[in-house]
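Residue numbers (our numbering), protein chains in the order written: chain A, 1 to 285; chain B, 1 to 376; chain C, 1 to 307; chain D, 1 to 443.
Don't take every hint at face value.
To be verified - Simulated crosslink set (DSS-like; lysine-lysine; CA at most 30 Å straight-line):
| id | chain 1 | residue 1 | chain 2 | residue 2 |
| --- | --- | --- | --- | --- |
| 1 | B | Lys-254 | C | Lys-144 |
| 2 | C | Lys-144 | B | Lys-191 |
| 3 | B | Lys-212 | C | Lys-144 |
| 4 | C | Lys-144 | B | Lys-364 |
| 5 | C | Lys-144 | B | Lys-199 |
Said to hold, decoys possible - Cβ-Cβ distance ranges computed for the label pairs, FRET-style:
| id | chain 1 | residue 1 | chain 2 | residue 2 | range |
| --- | --- | --- | --- | --- | --- |
| 6 | C | Met-182 | D | Arg-408 | 33 to 43 Å |
| 7 | B | Gln-112 | D | Ala-112 | 36 to 46 Å |
| 8 | A | Asn-40 | C | Leu-285 | 45 to 55 Å |
| 9 | A | Gly-117 | D | Val-281 | 17 to 27 Å |
| 10 | C | Asp-202 | A | Thr-63 | 52 to 62 Å |
| 11 | A | Gly-117 | D | Ile-208 | 16 to 26 Å |
| 12 | C | Met-182 | A | Asn-40 | 19 to 29 Å |
| 13 | C | Met-197 | A | Asp-10 | 41 to 51 Å |
Simulated from the structure, these hints should not be mistaken for lab results.
What you are looking at is a predicted structure, and each value in this text was computed from that prediction instead of being measured.
Just so you know, even glycine gets a beta-carbon here, dropped at the ideal spot from N, CA and C.
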Amino acid sequence: MSAAVLEVSDLTLRFGGLTSLDKVSLRHERGEVLAVIGPNGAGKTSLFNCLTGVYTPQEGTVTFHPDGGTDTAVLGRKPFQVNKLGIARTFQNIRLFNALTAVENVKIGIESHQKTGPIGAMLRLPRTRREERASDDEAFRLLEFVGLKARANQVAASLPYGDQRRLEIARALGTKPQLLCLDEPAAGTNPAEKRQLETLIRDISETGVSVLLIEHDMKLVMSVAANVVVLNFGQVIAAGTPQQIQRDPKVVEAYLGGGESDDAATTPPAKKVPPRKTSLKKPED
Amino acid sequence: MGALALTACGSSSGGSSSSSGGGKKTYTIAYQGPLSGDNAQLGINMDNGVKLALAQATGLPFNLKFVDSDDVGDPAQAPAAARKLIDNTGVVAVVGPAFSGATAASEPLFSQAQLISVSPSATRADLTDLGFTSFVRVVTGDTIQGAKMADYVAKGLKAKTAYVVDDKSAYGAGLSKFIKQGLTSGGVTFKSEGLAPTKDYSAIATKVVAAKVDALVYGGYFAELALFAKALKAAGFKGAIVSGDGSKDDQLVKQAGAASEGIYLSCPCGGPTATGDAAAAQFEKDYQAKFNTAAGTYSAEAFDAANLIIAAMKGLGSNITRASVTDAVKKTSGFKGVTHTITFDQHGEGGTGEIFMHQVKGGKITLLGNVADLAK
Amino acid sequence: MCFTQSFWQLTISGLALGSVYALIALGYTLVYGVLQLINFAHSEVFMLGGFGGLFLVRGLGIDNPSGVTSVLLVGGGMLAGALLGAATAFTLERVAYRPLRRRGAPRLAFLISAIGASFFLLNLAGKEFGRFNNPMPPLYTSGKVFSVFGAQVTTNQLVVAASALVMLIALDRIIAKTRLGMGIRSVAQDAEAASLMGVDIDKVITRTFVLGGLLGGAAGFLFGIQFGVQYNMGFSAGTKAFTAAVLGGIGNVRGAVMGGLVLGVAENLGVACVSSAWRDVIAFLILVLVLMLRPTGLLGERLGRSA
Amino acid sequence: MTTVDAVQRGSTWSGVQRWARRDEVRRAACLVALMVTIAVITGPDGSQNSPYSGLRGSLLSRHAIPFYVLAVILAATSLAGGRWTTAATAPVRALRQRTTGIVIPKPVKLVALALLAVLVLYYPTTLAPFWQTVLVDQMGIYVLLAVGLNVVVGFAGLLDLGYIAFFAIGAYTTAYFTDKLPVHPPFTLNPFFVFPIAVGAALLAGVILGGPTLRLRGDYLAIVTLGFGEIVRITAVNSDAITNGPQGAFGIPHFSAFGYHWTLDSLPYYYLLLVVVALVVFFFRRLDDSRVGRAWAAIREDEVAAAATGIPTLKFKLMAFAIGASTSGFAGVIYASKVGFINPDNFPLLLSILVLTMVIFGGMGSIYGVILGAAVLGWLPNYLRDYVPAQDRFIYFGALLIVMMIFRPQGLLPSRRRSRELRLSELGIGGADGTGPIPGSTQ
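So that you can see chain A by itself, here it is in the shape it has in the complex:
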């Protein structure tokens, strides 16, 4: 049995009287793609936000097992500290640095782990120059990896939607994560882009990075995920391989009987992509 990269146990998150997550537990094996699915409002993004330091849940623990490092509690850390641990994320509504170029976006990710301070930057010390070169090389490598090398110097906002998704993934990979959390990466993409994404997730997984995938698109989940966890009303209702999940009556019930009318298996819900809003807003999960 392989080691876990992330263990979540009994996570409970409440907003006022509303229980968003209710004793959620899951185990993510190192190197595998784990998908979290569930109908709208099931608590997927809340879970995500707990894992990445945006929310602090009332109960439960989240433990990260870095490769070759000591186990670390994730909760109570700020988002940037979580990232430093080796957990990177993307956003459901793409949040790129819109006015910067693609390569700059990726470099920001890479450089967040570098050491150059303002003094070094102003004097361009040898280390600074070394780091600068390294981040340039790495940025182009990552852009090539996600298939955006040709668009390196384009402004992020001007990229097609699918490219923006992949750029966001490249930026997250720039921070050298051991665990990459993708929040509905397929939302709003067309079938061709979806196929590219499928390949990309497999490629990422092959490089040894574990992938935690929140997704609506069942087809994508079934094709890339090794294991699936199903959330409904903030609770884990099922967990297992995609095949097991598909046959689980509770899951079918949740998707079909829970008022969620259409077949979440094929069509992603037509989500309005709201404009960027400030951080203090509660998520419309």
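Fit chains B, C and D to the supplied structure of chain A, relying on the hints for placement.
Frame of chain A; chains B, C and D shown alone:
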């Protein structure tokens, strides 16, 4: 304003010059002080005083021009304002700077340029001890005024307790420092407090009333005092209110209305003048006629400062240079101004050292007399 | 304690001042609610409102008014102030804000154009109306009306507080009940969604400015009754009112009122306890402390939620 | 009959309304209003006793005639058809379009740079001492201040309204170490050697202020920094025993270092400032184009995404704040030594606002733009000195700010990133400064 004023004054003072042709030389007397910003009004009072003096100066062996330079009363802008005047080679003397802070920042430049500056209003005590070689002032410094105000409170009003409030301006704080020294030596027990200029003084008025003092002594300008006096009246303050020259302005009466009644106002100005009250009255009248508003605080001092410069220039014949004017002005002795007779001592102090006490009576600021006589 | 003997006196005068702060603060908060912008020039709306009221009262030139005449004078002055304030606010929106919105200017550009408008109006008023403080002609015989806990309440304080209260309640109702209020709330919550739902955002914004201008202008007159009207009266009052708005939670109507009152009282008690010289420091320290503990002000943000 | 009347009136009225909404009618109305405003601004003053006399003298006298004539002509032109104006402005637009894509060849750039260098080095020597003083006191110091504030506002996107506090701290530190305050220093230094101490003090103050407050968002930060600026100033006013209160410190000596003595003369200070600004620009440009600068850009654009990307946002914001503060403190030392006298009046809230205005006017984020903005706005009031009444200078100043923001909200010389942000915001993608779009923008 410079260009406008220049033509205006040029035509009035040069009524004779245009006929006498190019034989006469033209010299410029300048004014430096705030013409914009929050203290603009005080500066404009003085600006007008100088303009009036120049307009009335006829029959001279030279022509006079006027320029002014706005320093906003701000020490940060004062050096540039002073430099502007120094650069103008026609300028042979400056009335100003008006404010103490601006003066401290400008004087090194005037001293270097040997350009005399006669301040009508910078009363900060130490200005004449800072080593400036071309600074004189026609007003008495705060040291004396503060001491005399305290004298008056102790002996004239026979107050046992007082509250000293100042507006935390360079002027007000300086004055109150000397008031406090005087009160201490006069045996008056007092509390003191600074006042952040605002509009609502009800809280501090309540505090002053609660302290049950015989007198409130204020260091600051009329705008704040007017509101403060109103608040004191509303809070039921029964003691005497004593303030200094910065508050002695008809605007005090106008703005505070009935609340200004009975306020004592000390000033190095306003005593019986050497030229008699007629001259002062004439000045008031001329000022009103020319500017369509009554002469304000320091208008008369500025008028005197300009006139004594002109008098000094007249004595020089054809040898009018900055250096010569500086020397001549510093040697001024017994100049009969509308405020008082002006003689500069070796420090450049042109005040008489006499402080006159006034009181608002029936909506008018009336002279009570020399503090030296009142507080015996 | 330092203020035991005059606690109520200080509180009452603090409330009177605070209610004026509150009225001005509403102007900031309303505009902030819909535009998320500090309308820096609102202080000049307040100032011009003061002049509007002053000129009307002066123009009528009634000596020693009393009774009904007094009530009419106060009402008329307030109306004149409010109208001039509203006209100023309307013009401001048209000249200094709308063209920038059309161009999608950065947020700080709005700030600068508002600062420019403030400089412009302030100095123009000084040029046209003189730079002295103008006391308001007496509108009624002022004096003690009644006492509370040994503290006297003056006519001035009563008039100011009562007028402010009436306007605050009116505004609260307008926001809660009217179509305009609904429009304002919807734009405050989500401008994009509101416009998709057929709300004319431009119209709502204009009317918000006008509403804030009405209150600010009337506040100028009320302030003028107590302290006179002067060309530069807006800056410090405006800064305080803005502080009050933030203190209460900017964008929050009731928060602005609460912030204004808290600030007015706190300043007065602070003067009694510490010194008048530290008055503004006290105000700002309270603000900093509140924001440290409650980063979005006493009552939290959001026009949409509060009303 | 009455209903017919009403309908007819209604239709006439709506006709009038429709007419009034037409672009050319609006433009004409604007032009008339503009002319009337100019007539008032340039007209005579009113006074306390006759508040309408200024307006009367401006609008109902001979003074107004040329403005009315001009207003009628302009309005008529505008009503006659927007085509005229379109035609008239066509060449300008064409030129603009042609120049946007042009890449200036390197030799031309070099020649331009050389010319600029000559201008900057030589031209000031030909100026009158007044302008030299303005160049240092009103322009140079502000350029330095603005370049520092640009790091805070332009790079990191933090609205700081208390920036002058650090300037004050620099200046008071200088007064302290030259022994011009009531409290005496352990050792006395020439102001030139106070630089490191003052910069350290300002930096420390920046960190102390920034630590707890930088968590606050946009406008909350603005008001807290505003409060901080006021607290510093009022403390200086009230601490007579330490700062000498409102009287301030007098007689701070001129710089003197490496055998050279600065004097009252402004030019040597100009060259000192030139060197300082050049160094600061050199370093800040590198900073902008580095890991740190990119992190700031990320924070400015989307703080949440920046944090998720591993950027310790608070630390970087604090860094920007401290760098801005120390630049401000540095400028404070130069100012104290140049003028030789400081008191709390030198550091009003208005000055913080003015420097911010310079930054945005020049084009925030763009170092050269900010320099230009500060220079222009420092120069303008002194230029106006000769042409308009002193009291009225800020009417023109205010009008200029409005006009500038209407026609060029991105500033005189916007930075590339910033103008991109602006373009995006015009298209409705995000706000132009990372704080979200202004509702009602560009619809």
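Of the hints stated earlier, which fail here?
none
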